[in-house]
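Colleague: Starting from the given sequences, assemble the full structure and let the hints guide the process.
Residue numbers (the numbering used here), protein chains in the order written: chain A, 233 to 342; chain B, 118 to 229.
Since the hints were made in silico from the structure, they are not lab data. The C-beta atom is built at its ideal place from N, Cα and C for all residues, glycine as well. Just so you know, not all the hints are guaranteed correct.
With a Cα cut of at most 25 Å, we get these calculated DSS-like pairs of lysine-lysine [what the hints assert, rightly or not]: (1) A:Lys289 - A:Lys302; (2) B:Lys200 - A:Lys334; (3) A:Lys337 - B:Lys126; (4) A:Lys268 - A:Lys283; (5) A:Lys268 - A:Lys291; (6) B:Lys174 - A:Lys334; (7) A:Lys334 - B:Lys126; (8) A:Lys337 - A:Lys288; (9) A:Lys268 - B:Lys200.
Cβ pair distances, simulated, as ranges [said to hold, decoys possible]: (10) B:Ala198 - A:Glu247: 45 to 51 Å; (11) B:Ser212 - A:Lys289: 21 to 27 Å; (12) B:Ala198 - A:Pro240: 46 to 52 Å; (13) B:Glu132 - A:Gln246: 44 to 50 Å; (14) A:Ser262 - B:Ala178: 19 to 25 Å; (15) B:Asn135 - A:Glu247: 22 to 28 Å; (16) A:Gln312 - B:Glu217: 38 to 44 Å; (17) B:Asp171 - A:Asp250: 40 to 46 Å; (18) A:Gly285 - B:Gln158: 29 to 35 Å.
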Amino acid sequence: GQQVMQIPQYQHVQEGEDFTTYCNSSTTLSNIQWYKQRPGGHPVFLIQLVKSGEVKKQKRLTFQFGEAKKNSSLHITATQTTDVGTYFCLSGAGSYQLTFGKGTKLSVIP
Amino acid sequence: DGGITQSPKYLFRKEGQNVTLSCEQNLNHDAMYWYRQDPGQGLRLIYYSQIVNDFQKGDIAEGYSVSREKKESFPLTVTSAQKNPTAFYLCASSSLAGDEQYFGPGTRLTVT
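Modeller: Structure (structure tokens):
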């Protein structure tokens, strides 16, 4: 499958601070999905981005897809302890979503 | 209750034994996937299936086998040829290949 780089690998923030994770690909993506995995749990779908330059919001979460469709970001405003977990991007090429980024593990210090 | 079930949650085997992990979904999804997750790592695709009686290798298929005889079921066999089988195994399904994936709770396999 294609390669997608996700950074940072870890992020420790104070509760109330913002958090951003990035996924970057060397090739153009057809779409990108974001998932959250709580400690000890399984990944849960958050959102899918398809259009160039697309921005979607879910409460404190903002998702962006780059103009060239080679990168994407997930931004959390004013983190809470419930945001703890690992966030993964899943890049799509053609019909298949087959390559997960390695994830960004978010720790929130109360 | 709709969803994906994986059993068992924890599985222990001796080296040299084959073991089959169960994955069942009642979401009427066409596509199903198997991933492996190692501590601190992302998910790596083992096999996927778009339709009954058809499946394709993912990035790390060596030492694994699957079958898709029924739409609801996609069992994964970890064979003795898999050099490092101890891992967390996740099964997922999606309506069609490329749609959002729904994950099962996972099976944690330990081989000693």
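Colleague: For every hint, state whether the structure bears it out.
Modeller: Structure-based check of all given hints:
The hinted pair formed by Lys289 of chain A and Lys302 of chain A meets the criterion: a straight-line CA distance of about 20 Å does not exceed 25 Å. Distance check on the hinted pair: Lys200 of chain B and Lys334 of chain A sit about 22 Å apart at the alpha-carbon level, within 25 Å; holds. Pair hint Lys337 of chain A plus Lys126 of chain B holds up; C-alpha atoms about 23 Å apart against a cutoff of 25 Å. A distance of roughly 21 Å separates the Cα atoms of Lys268 of chain A and Lys283 of chain A; the hinted pair therefore holds under the 25 Å criterion.
A C-alpha spacing of about 15 Å is found between Lys268 of chain A and Lys291 of chain A, which places the hinted pair at or below 25 Å, so the restraint holds. Between the alpha carbons of Lys174 of chain B and Lys334 of chain A the distance comes to roughly 20 Å, so the proposed pair stays at or under 25 Å and holds. Proximity of Lys334 of chain A to Lys126 of chain B is assessed by CA-CA distance (about 23 Å); at most 25 Å being required, the pair is judged to hold. With a CA separation close to 22 Å, the supplied pair Lys337 of chain A and Lys288 of chain A stays within the 25 Å bound.
A distance of roughly 29 Å separates the Cα atoms of Lys268 of chain A and Lys200 of chain B; the hinted pair therefore is violated under the 25 Å criterion. Taken as a hint, the range 45 to 51 Å holds for the pair Ala198 of chain B and Glu247 of chain A, whose Cβ atoms sit roughly 47 Å apart. For Ser212 of chain B and Lys289 of chain A, the hinted distance range of 21 to 27 Å is satisfied, since their beta carbons lie about 24 Å from each other. For Ala198 of chain B and Pro240 of chain A, the hinted distance range of 46 to 52 Å is not satisfied, since their beta carbons lie about 36 Å from each other.
The hint said 44 to 50 Å for the Cβ distance between Glu132 of chain B and Gln246 of chain A, and at roughly 45 Å that hint holds. With their beta carbons about 23 Å apart, Ser262 of chain A and Ala178 of chain B fall inside the hinted range of 19 to 25 Å. Range check, Asn135 of chain B to Glu247 of chain A: about 47 Å between beta-carbon atoms, so the 22 to 28 Å window is missed. Checked against the given bound of 38 to 44 Å, the beta carbons of Gln312 of chain A and Glu217 of chain B, roughly 24 Å apart, lie outside it.
At roughly 45 Å, the beta-carbon separation of Asp171 of chain B and Asp250 of chain A lies within the given 40 to 46 Å, and the hint holds. Range check, Gly285 of chain A to Gln158 of chain B: Cβ separation about 31 Å, and the 29 to 35 Å hint holds.
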